[in-house]
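Given chain U, put chain E in place with the hints provided.
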Amino acid sequence: MATPSSMPPALLSRRALLGGAVATLTAVGLTACGDTGERGGGKRGGTLTVGFDNEPTTLDPALSSAISSDRSVLNLFYDTLLRQERDGSFVPALAEKWTVDGTTVTFTLREGVRFHDGTPFDAEAAAFNLRRVIDPATKSTKAGALKKLAAADAVDPRTLKLTLRAADPLLLVQLAHEPGMMASPTAVKAGDYGRKPVGTGPFVFDAWRSKVQLSGKRNTAYWRRAADGGALPRLDQVVFRFVTDTKVLRAEVTTGGVQLVRALPPEEFKQLAGNRQIVLDDIGVRRSYYVALNVTRAPFDDPKVREAFAMAVDRTGVGKAAAGGEFDLAPSFATSKDWFYDPSITPPPFDPAKAKAALGGTPVPITVVARRRAPDPTIAELLQSQLTAAGFAPKVEVLEAQTQLDRMRKQDFDATLLVIDIPRLDPSLSFDPYFASKGSNNWSGLTDTTLDGLLEKAVGSDDRAVRRQAYVDVQRRIVGENYWIFLHQPKSPLIHSAKLSGIVLNVDGQWRLDEAELAS
Amino acid sequence: MATDTTTATTREPRRPVLSRLLRDRRARFALPVLAAVTLAAAASPLLDTRSRATDTDRLLSGPGAAHPLGTDELGRDVLARIVDGAGVTVVVATVAVGAALVLGTLLGLFAGYRGGWLDALLMRAVDGLLAFPLLVLALTVVAALGPGLRNALIAIAVVTTPRFARVVRGEVLSLRTREWVSAAHIVGVPTWALLRRHLLPHLAGTLGVFAALQASTAIIAEASLSFLGLGVQPPQASWGAMVAAGTDHLDASWSLSVFPGLAILLTIAAFNLLADALRDALDAHRPDLDPGR
Chain U
79 MATPSSMPPA LLSRRALLGG AVATLTAVGL TACGDTGERG GGKRGGTLTV
129 GFDNEPTTLD PALSSAISSD RSVLNLFYDT LLRQERDGSF VPALAEKWTV
179 DGTTVTFTLR EGVRFHDGTP FDAEAAAFNL RRVIDPATKS TKAGALKKLA
229 AADAVDPRTL KLTLRAADPL LLVQLAHEPG MMASPTAVKA GDYGRKPVGT
279 GPFVFDAWRS KVQLSGKRNT AYWRRAADGG ALPRLDQVVF RFVTDTKVLR
329 AEVTTGGVQL VRALPPEEFK QLAGNRQIVL DDIGVRRSYY VALNVTRAPF
379 DDPKVREAFA MAVDRTGVGK AAAGGEFDLA PSFATSKDWF YDPSITPPPF
429 DPAKAKAALG GTPVPITVVA RRRAPDPTIA ELLQSQLTAA GFAPKVEVLE
479 AQTQLDRMRK QDFDATLLVI DIPRLDPSLS FDPYFASKGS NNWSGLTDTT
529 LDGLLEKAVG SDDRAVRRQA YVDVQRRIVG ENYWIFLHQP KSPLIHSAKL
579 SGIVLNVDGQ WRLDEAELAS
Chain E
8 MATDTTTATT REPRRPVLSR LLRDRRARFA LPVLAAVTLA AAASPLLDTR
58 SRATDTDRLL SGPGAAHPLG TDELGRDVLA RIVDGAGVTV VVATVAVGAA
108 LVLGTLLGLF AGYRGGWLDA LLMRAVDGLL AFPLLVLALT VVAALGPGLR
158 NALIAIAVVT TPRFARVVRG EVLSLRTREW VSAAHIVGVP TWALLRRHLL
208 PHLAGTLGVF AALQASTAII AEASLSFLGL GVQPPQASWG AMVAAGTDHL
258 DASWSLSVFP GLAILLTIAA FNLLADALRD ALDAHRPDLD PGR
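Chains U and E, in that order, are what the protein sequence lines are. For what it's worth, the numbering used here labels the leading residue of the first sequence as 79, then goes sequentially. For what it's worth, the numbering used here labels the leading residue of the second sequence as 8, then goes sequentially.
Treat the hints with care, as some may be off.
[As the list claims (entries may be wrong)] Cross-link-like lysine to any residue pairs, in silico, SDA-like; alpha carbons within 20 angstroms at most: (1) U/LYS398 - U/PRO409; (2) U/LYS473 - E/PRO52; (3) U/LYS225 - U/SER539; (4) U/LYS267 - U/GLY196; (5) U/LYS225 - U/GLY180; (6) U/LYS348 - E/LEU66; (7) U/LYS398 - E/ASP258; (8) U/LYS577 - U/ALA597; (9) U/LYS398 - E/ASP64; (10) U/LYS325 - U/GLY402; (11) U/LYS289 - U/LYS473; (12) U/LYS434 - E/ALA60; (13) U/LYS348 - E/SER68; (14) U/LYS398 - E/GLY69; (15) U/LYS473 - E/ASP258; (16) U/LYS488 - U/GLY523.
No lab work stands behind these hints: they were computed from the structure.
Looking at chain U on its own, in the form it has when it is part of the complex (with noise of 0.2 angstroms):
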């Protein structure tokens, strides 16, 4: 049995008291484990814990609103009908094979598979999952990436057809992430569905305490094999411990408390960088920093003083002070390394005497709204400060996770400070949930019918050179107009114990962990 015998030891922090909650928890579960957890030799088995600093509000997958990082936490639960290796390409999954045929997708279903509550997994399942999503009732944050899905269909129990609206080139990109993901009907039908979630994947959901942790046993009946065709998972248990202090997320990936941990700010992972038990591996994923401007009320509504808001910010001194020397500028939600990435798209200069003069003499009152997890709040302070030189009267209020969404959400905020891990899928779920009218994450409360038709533009080709195009045009309109405002790009490298390895990752870093493994 490889559990980690280092215990968190209590630390002396903030948050001791939380920490000393968990600590014991784990104890708890550690020992669980120790009585049952006898099967398997060698590499196998195991309790993985994770530290996770961005808990999810429901597990289930249609209404899942953080874009992409729940999908490491559904991952563990949940399969696909397909998937997207890390290449873009797609291999089985749930499905063992499909043919695309215009406005008509067939799949061939895998046989034998059942949920972990025993119900089988066949067309007619499939056929709920997908149409549970476009039905309006269920108000599924995934609807609109199946809005060309028009009916799913079980012709017999092996065989799913798929009816389009028109030919749709990301329907398999999104099958194969969140909107794809097979719930058993049953569990659905029952109610309270998003704390208890029932999938096909490699772990069995096993309790859920907020703001404390999550755990998954291991799925011992599970379909997929290695490929030296030995059982997944690999590992017995695994323990994802919701931690927002980066802190403690840091202080328990060293003393070997957690395994693994999901984005660590630069001043963090620079203090680990000597330390050989841990591996920092840049994988090419970036955090992108916006403060995404309210037009639906004033004083945001006139676009001179969102540019004098862009004017304001010191982007390269935000980054400075919040990431070190460990930071992208990019005009988007755009990488320098993604194909979509335009370098003369330019935001306003930052100039805090023209915004002041733009303004007009009196402090415009603003409230803008954190998030309570480093280095949120010191940004915050910052463009508070920044802001005020440049001829605003900002007021921030740094809220937690679930109360600034709710704000954002009911449109409650001028201005909005957050993050989202980049590069996504397809440039068309960065950008569509927070620029389309009708998008789920659209927080300005935009609506731009120029933008929507260049975001209808571009995913309505599969042309790379037409799609290009396309999404310079709606970066170009989005900074034109300052309706966001995009900070700088902190790295974020995959962060584990040199014992833990396997972990596959999707084409936007977001971990896959049926086929990870703790060395002893």
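Just chain E now, kept in the frame of chain U:
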């Protein structure tokens, strides 16, 4: 000059308490420190811009010529921010403790003098509040009201009031059986006037000492709340919040939490020593053994 006709009983100097206080070594340390904090608080509006001016080219620099105590994680001048934070500290020591003093004294006076069910009711409520550790209660109040300086002040006043009420009631209980109180009562002095004119002056010394002690407790409470991010909100500086920011960058800058921490330490020590000195100076029976004390 205020003339004082009631205490001319001894051959002591005209202001015995003050002169004894000024001869006390503890007070000689405490008073200048508190004067400096008060001055800093008075000067803080002048340094407002300086304490909020960020400079991302000069992050976390140590003490130097341009910034005597260095700069913080956003490049702001630490000295200016400590001066800015003194304003908060003085507000806490005066407003929050002052409010608790007034409220607590009123409650204690009435409870102690009236006695009966009013006393029982008030004192059980006070006992209930005193049963909680001060900071836990303050956290609860702030959690209910939301973070911010005003709510922190309310929280501190709420948790400090019962302490004053307890002390005042105790004193009143021992005083109200004295002959001169009974005499005043018998000749028909109204209750309110009796409390104000006959009892309150006797409480002044005790209250002064106790207020000084509570001021130090209140400053710690505010610093703790701000350390946790529940007290003073940015960009207003607060010593507690500065210490918190310093702990986040301890590996990059040793000085960031040390100086605000020292400011807290000195101010609290000053209030405690002042309380000690004041108590001794007020004690008329205490033989003045050592003039240099």
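The hints, checked one at a time:
1. Note on U/LYS398 and U/PRO409: the hinted pairing holds, with a Cα-Cα distance of about 17 angstroms set against a maximum of 20 angstroms.
2. For the hint pairing U/LYS473 with E/PRO52, the CA-to-CA distance comes to about 19 angstroms; that is within 20 angstroms, so the pair holds.
3. About 16 angstroms separates the Cα atoms of U/LYS225 and U/SER539, which keeps this hinted pair within 20 angstroms; it holds.
4. Distance check on the hinted pair: U/LYS267 and U/GLY196 sit about 15 angstroms apart at the alpha-carbon level, within 20 angstroms; holds.
5. Only pairs whose Cα atoms come within 20 angstroms are accepted, and U/LYS225 paired with U/GLY180 is accepted, the gap being roughly 16 angstroms.
6. Taken as a hint, the U/LYS348 and E/LEU66 pair is honoured in the structure, with Cα atoms around 17 angstroms apart against an allowance of 20 angstroms.
7. For the given pair, U/LYS398 sits about 17 angstroms from E/ASP258 by alpha-carbon distance, which is consistent with the 20 angstroms threshold.
8. As the CA atoms of U/LYS577 and U/ALA597 are separated by approximately 5 angstroms, the hinted pair is consistent with the 20 angstroms bound.
9. Taking the CA atoms of U/LYS398 and E/ASP64, the gap is about 8 angstroms. The hint holds against a cut of 20 angstroms.
10. Among the hinted pairs, U/LYS325 with U/GLY402 is consistent with the structure: their alpha-carbon atoms are about 16 angstroms apart, no more than 20 angstroms.
11. Distance restraint check for U/LYS289 and U/LYS473: the Cα-Cα separation of roughly 28 angstroms exceeds the 20 angstroms cut-off, and the hinted pair is therefore not satisfied.
12. Restraint check for U/LYS434 and E/ALA60: satisfied, since their Cα atoms lie roughly 16 angstroms apart, inside the 20 angstroms limit.
13. Simply put, U/LYS348 and E/SER68 have alpha-carbon atoms about 19 angstroms apart, close enough for the 20 angstroms limit, and the pair holds.
14. In summary, the hint linking U/LYS398 to E/GLY69 is supported, as the alpha carbons are separated by about 17 angstroms, within the 20 angstroms threshold.
15. Proximity of U/LYS473 to E/ASP258 is assessed by CA-CA distance (about 30 angstroms); at most 20 angstroms being required, the pair is judged violated.
16. For the given pair, U/LYS488 sits about 10 angstroms from U/GLY523 by alpha-carbon distance, which is consistent with the 20 angstroms threshold.
Violated hints, listed in ascending order, are 11, 15; each of the other numbered hints is respected by the structure.
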